[in-house]
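Chains as they are written, first to last, in full-length UniProt numbering: chain R, 1 to 387; chain C, 1 to 387; chain S, 1 to 387; chain A, 1 to 387.
If you are wondering where the hints come from, they were derived from the structure by calculation, not from laboratory data. Be careful, since some hints might not be right.
Put simply, identical chains are the same to the list, so a pair is met inside one copy or across any two.
Below are the DSS-like pairs computed for lysine-lysine, each with C-alpha atoms no more than 30 Å apart in a straight line [unchecked claim]: (1) K293 x K31; (2) K31 x K2; (3) K31 x K112; (4) K293 x K116; (5) K2 x K112; (6) K102 x K112; (7) K116 x K236; (8) K2 x K116; (9) K293 x K236; (10) K102 x K116; (11) K112 x K293; (12) K293 x K102; (13) K293 x K2; (14) K102 x K31.
These numbers come from a predicted model, not from an experiment.
Number of protein chains: 4
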Amino acid sequence: MKTFSEIATLLEGQAIEVPSWAYGNSGTRFKVFGTPGTPRTVEEKVADAATVHRFTGLAPSVALHIPWDLVDDYAALRRYAEDLGIRLGTINSNTFQDDDYKLGALTHTDEKIRQKAIDHHFECIDVMHATGSRDLKIWLAEGTNYPGQGDMRGRQDRLAESLRTIYDRLSEDQRLVLEYKFFEPAFYHTDVPDWGTSYVQVAALGERAVVCLDTGHHAPGTNIEFIVAQLIRLGKLGSFDFNSRFYADDDLIVGAADPFQLFRILFECIRGGAYGPDSEVAYMLDQCHNIEKKIPGQIRSVLNVQEMTARALLVDTDALTVAQEDGDVLLANEIFMDAFYTDVRADLAAWREGRGLPADPMRAYLESGYQEQIEADRVGGTQAGWS
Amino acid sequence: MKTFSEIATLLEGQAIEVPSWAYGNSGTRFKVFGTPGTPRTVEEKVADAATVHRFTGLAPSVALHIPWDLVDDYAALRRYAEDLGIRLGTINSNTFQDDDYKLGALTHTDEKIRQKAIDHHFECIDVMHATGSRDLKIWLAEGTNYPGQGDMRGRQDRLAESLRTIYDRLSEDQRLVLEYKFFEPAFYHTDVPDWGTSYVQVAALGERAVVCLDTGHHAPGTNIEFIVAQLIRLGKLGSFDFNSRFYADDDLIVGAADPFQLFRILFECIRGGAYGPDSEVAYMLDQCHNIEKKIPGQIRSVLNVQEMTARALLVDTDALTVAQEDGDVLLANEIFMDAFYTDVRADLAAWREGRGLPADPMRAYLESGYQEQIEADRVGGTQAGWS
Amino acid sequence: MKTFSEIATLLEGQAIEVPSWAYGNSGTRFKVFGTPGTPRTVEEKVADAATVHRFTGLAPSVALHIPWDLVDDYAALRRYAEDLGIRLGTINSNTFQDDDYKLGALTHTDEKIRQKAIDHHFECIDVMHATGSRDLKIWLAEGTNYPGQGDMRGRQDRLAESLRTIYDRLSEDQRLVLEYKFFEPAFYHTDVPDWGTSYVQVAALGERAVVCLDTGHHAPGTNIEFIVAQLIRLGKLGSFDFNSRFYADDDLIVGAADPFQLFRILFECIRGGAYGPDSEVAYMLDQCHNIEKKIPGQIRSVLNVQEMTARALLVDTDALTVAQEDGDVLLANEIFMDAFYTDVRADLAAWREGRGLPADPMRAYLESGYQEQIEADRVGGTQAGWS
Amino acid sequence: MKTFSEIATLLEGQAIEVPSWAYGNSGTRFKVFGTPGTPRTVEEKVADAATVHRFTGLAPSVALHIPWDLVDDYAALRRYAEDLGIRLGTINSNTFQDDDYKLGALTHTDEKIRQKAIDHHFECIDVMHATGSRDLKIWLAEGTNYPGQGDMRGRQDRLAESLRTIYDRLSEDQRLVLEYKFFEPAFYHTDVPDWGTSYVQVAALGERAVVCLDTGHHAPGTNIEFIVAQLIRLGKLGSFDFNSRFYADDDLIVGAADPFQLFRILFECIRGGAYGPDSEVAYMLDQCHNIEKKIPGQIRSVLNVQEMTARALLVDTDALTVAQEDGDVLLANEIFMDAFYTDVRADLAAWREGRGLPADPMRAYLESGYQEQIEADRVGGTQAGWS
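Excised from the complex, chain R in its bound form:
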């Protein structure tokens, strides 16, 4: 196995984008619990995101969601973020919360509704120019609930056409990132349910169209790291939405349900060249903190990604290759597990301190008074949430 000191420099510059909506209230269809200190403005969300970065050094950018994060002056918002030490990142569109989109948006049979959805993406692209964002992320929440309700093939064709129109509007340094999801909110069929569908759609668009892999958007039992390796092989892995799940799209803290799976995913990123300064893959969180506090929830999340990255970097890849080529099943597995089982937390604490960060970001945050401050300050107004 490699030593921590051998991999320490590879941890430099690791960046995990946090979503603005993680700081607002979210929940299940049964209940969204409100919590003291929840942001009421986009600026307060950005401030919370910057706080996560200040304590961890891992979250230098924040993703925005339109229209949840609509502001009049994105240049001002950008400066506000930069003053707090972070950037504005990916712009996420929303075509699932308007009554017109009840039966579809980019796939709708009605041309006017499709155009409305396309126009929304044009608006997002305008925002991107103002924020300096590279990525337009499209999560397609469309589908049908009953067999026969829609023409799945026709919807796929209309989707291709709508995406083409949006893609053509992007500038040369911008990307379209298409997310797939197994099910929900549609329950019979989803228009982009799997990586294969996302891949064929973006491959038809061009080089700057790529796939977003949300770790909670797969069928039970799916080998996600295989998909990671495959998309890297095809040059089409655009970004991650990290979270964890036991059942469906539970949107729990990444690494909380199956840390070994997170380790395996990150290992494939590293071995495939999708980690590090030359990679264009965006690592993002996409989670709902239903019952836990939001900022600590985000801190825990980025730390989990960092810890599993460190473990994955420790794998003795030379020895692993030899064992694989020898067909020594148990030895190859042991070499792999050896890294996973290694406790990197003390080394990471020292590494952080060496870089002016708190050894234990969670404790440092809890002791900083920030949480008490926002709970005291953010009284009145409307708490930010999913809609």
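For this one, chain R is given, so just place chains C, S and A on it according to the hints.
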């Protein structure tokens, strides 16, 4: 196979309870779409439920949900329903929409919160006395999201104690019905996740405690009709919450996703003595009509149950038994499928007409003007919904 | 809805290929039960396949599996089949029953083993020339059981290279058909686990490389008809392996577990142009008759496909399109279900009789004496099986 | 968190029973690979089991499977085992590999076949008297493949009767342990598919009837540790069959697929009093080493259980309880994870050395020459396998 005329009388008196909340707005965590004509009061929900019964003859009672259906005068509500030709049925409690219940209700570590949840059930029992309801249905939405968050064993013990207190408050002609659910809204563990847990809890309480089987609350691949047969065998099948699902608890129209499964479930009810005038099993719907119209959605649902009941009654059980005992796998399966593949719709239409019901309840409803009327009348006020 | 007479001619010429191995013994890892009358030679398998065709008119060809169906003289076997009224169809390769392939075949790290596996496919192509078969079907049973055991990315690259070599050996009128499977016999990762992987591999090869969709090879909850529609849209649906499943790759009789799913799949074939004389999609069975008699099991299977095809043809597609474009969710679903719920069996019986076939192929077979004859004749020798 | 020295003594006496069949060949339905050195006799299996114990100190007993391990003189076999330092443990019956049991054994409609299956269990009880075994373990591989094939309710009743007859034959110090399994080898319904069914069957028998939990026998997404906690609460957890799975009953090395799940299971055992000298729960392995070497596979397995036990013992349960009662979701989870993330391997190595065991049992075995010896010695004869 039996002939329709042989089974026609067995269809008499079939009763499927409809839920008051099916007529209000509901949806996914991403969006609840509003629709014209949605009830704004409990009375309007009851009127819609009565309409479903008027056109189908299948839905003589409506289940209420407390506190969604709180009224000052249940005697008046009962008369209102009876004047419209239906009864008030099962009372459903709600311990998942109060901030106090964020981390548990009947299982909470804090005795005061447990008592509050118990008191809520006492209130429900008071309502039952006023409405003449037999069943108190408890869907336990409790659980934890993260490993270590709670003590699963301690929660189970506290649940047993809370249920005991509630059960002891019931009168001799009332029942406690405990629902189980695989997951959601909790994502790591649910306190009553499976029929086994519900069974051991109600078995500890006594004879008038039984299990509610919601057809959408199982792990992928679960053989639900086996559970039906088992619970009937144990004398503990209390009620059904019918709906259908492709993935999780999708709450689609019953029979829409897998009509053959519904047929198999109803066959087990019939063969086990849980169907007909002597059965105490309550057949209810529990669905969300996210995108389809609600009253037609309910009409389709009760018709689906009726159609699959008719098909299940057609099975030539004598021939089936012979084939089973002969070990003739293909013949036994063929006898079973023969009934499922038989189109009973024309016979059912004639059967309805002979009983003063419309041959085609769906068409009759659509042509009745009721939908247009409520869309015109129910303007202003707050539409009923899940919270 | 359309009438049966409107669709009767569309049923002409329907062809479902049966697999030679369905007539031999197969089973689970725990036990393969032997049955009287099981073929001991390739010729006996072909004779059984021809029997299925004689009674149903639906199974004009039989797929072979190499090396299970190795014979010295394929020209003679071809004449033998043709004399019995059927053709030799798809050639299936086998790279999962040789000790050398324990850790991989077309993906193996050892070039010699890869070459051996490639040579096996060359041999299959030679057989194809002799049998006149169009399709070389490759089910890739390869993968790993433990994380770290293999390099998933390297295996994918080697697979691409091996397939390229095989593809280049095919003549202009031959096709390579690549099957995917979610899991089993490998349990951590499978080299072609999903349609996306199969698609990207065959798309890289060329026009005559297509995908085989086995209906039992998906994750729980997967919408298979969506994949059917998508592959047809991409021009890459090569063939079906029909069977049914409740849990994993159960290999039960097609239509036995979820007849409505089979209906939906066939509807997508029809609406996408993948059904009928102009389609190049091969419809095959791939099942294990573990406990039921094999020839009746095959007869039931092809009849199920025919019955669900008839129902799917009945859909009033014009009315469906109107309802879909109107956004009338319940009406569209009702139009779709209307066809599914229609009992076509009496019409099909008459249709068969009009074409010189028995009205009830299953009864006719059982009364024909064929089963008794083979049970009496096929005594001694080694029964055919999976290995 | 506790320190290793605080928990070191709790690791004393940990015992994991190994199955005799793990040393023979096993595989998937597609292929069973043979390997050099595979035992040809029961004695050779016992010798291999003793070897695992010699190097790990963790496996002091070996489970037998009848009829695979039938010998003429069990007293002699017992002495043979004891001379090698291990005991003969659980006796496993087999009612799935006889042609008579094709459609059922303890549930069969034919009384003669049921009696044959009961007699087989009587024979197993005779063996138990000779071997001094406490537990008769019954894995019920029975069920049906097609809807309608069997009467699920009648089968359940016959099962109860058969089990009663077997249970009554046991002596006062013997137990009946009933295993459940979600599916396979039956594919439509399994007679004991879940813990609930196993529980109601054994609860009806009496105190010495308990449940066996095989970690691979659940639906996707099932929270297994909840079942562990529940069965302990009910006093009915009899034994574990440990293995791991990604998809179905993959029978991989325990801890290989999801080490965190194994940790959670063992934590529930410890907190519920099912671990340690006073517990009567039997911890066993039940795995197939399809592609890896068998003895190293078993060594890895028992080490994984030991390592995760050590981590689970480290949990600071006092602090955890406080955090749980405070409702501090993130802190409770962190305390729990803190133990899981701690690398105990160096401490365990020292602990072993202090007890006269090799620090690294795997290396010690590989260097011992035992593997080379058995590969050289065990030539000729029939390798042991699953049938």
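Each hint, compared with the structure:
no.: 1; hint: K293 x K31; result: both (16 Å within a copy, 23 Å between copies)
no.: 2; hint: K31 x K2; result: neither (47 Å within a copy, 38 Å between copies)
no.: 3; hint: K31 x K112; result: between (34 Å within a copy, 21 Å between copies)
no.: 4; hint: K293 x K116; result: between (36 Å within a copy, 24 Å between copies)
no.: 5; hint: K2 x K112; result: neither (58 Å within a copy, 32 Å between copies)
no.: 6; hint: K102 x K112; result: within (14 Å within a copy, 42 Å between copies)
no.: 7; hint: K116 x K236; result: within (28 Å within a copy, 33 Å between copies)
no.: 8; hint: K2 x K116; result: neither (54 Å within a copy, 37 Å between copies)
no.: 9; hint: K293 x K236; result: neither (35 Å within a copy, 38 Å between copies)
no.: 10; hint: K102 x K116; result: within (13 Å within a copy, 38 Å between copies)
no.: 11; hint: K112 x K293; result: between (41 Å within a copy, 23 Å between copies)
no.: 12; hint: K293 x K102; result: between (32 Å within a copy, 12 Å between copies)
no.: 13; hint: K293 x K2; result: between (36 Å within a copy, 27 Å between copies)
no.: 14; hint: K102 x K31; result: both (21 Å within a copy, 9 Å between copies)
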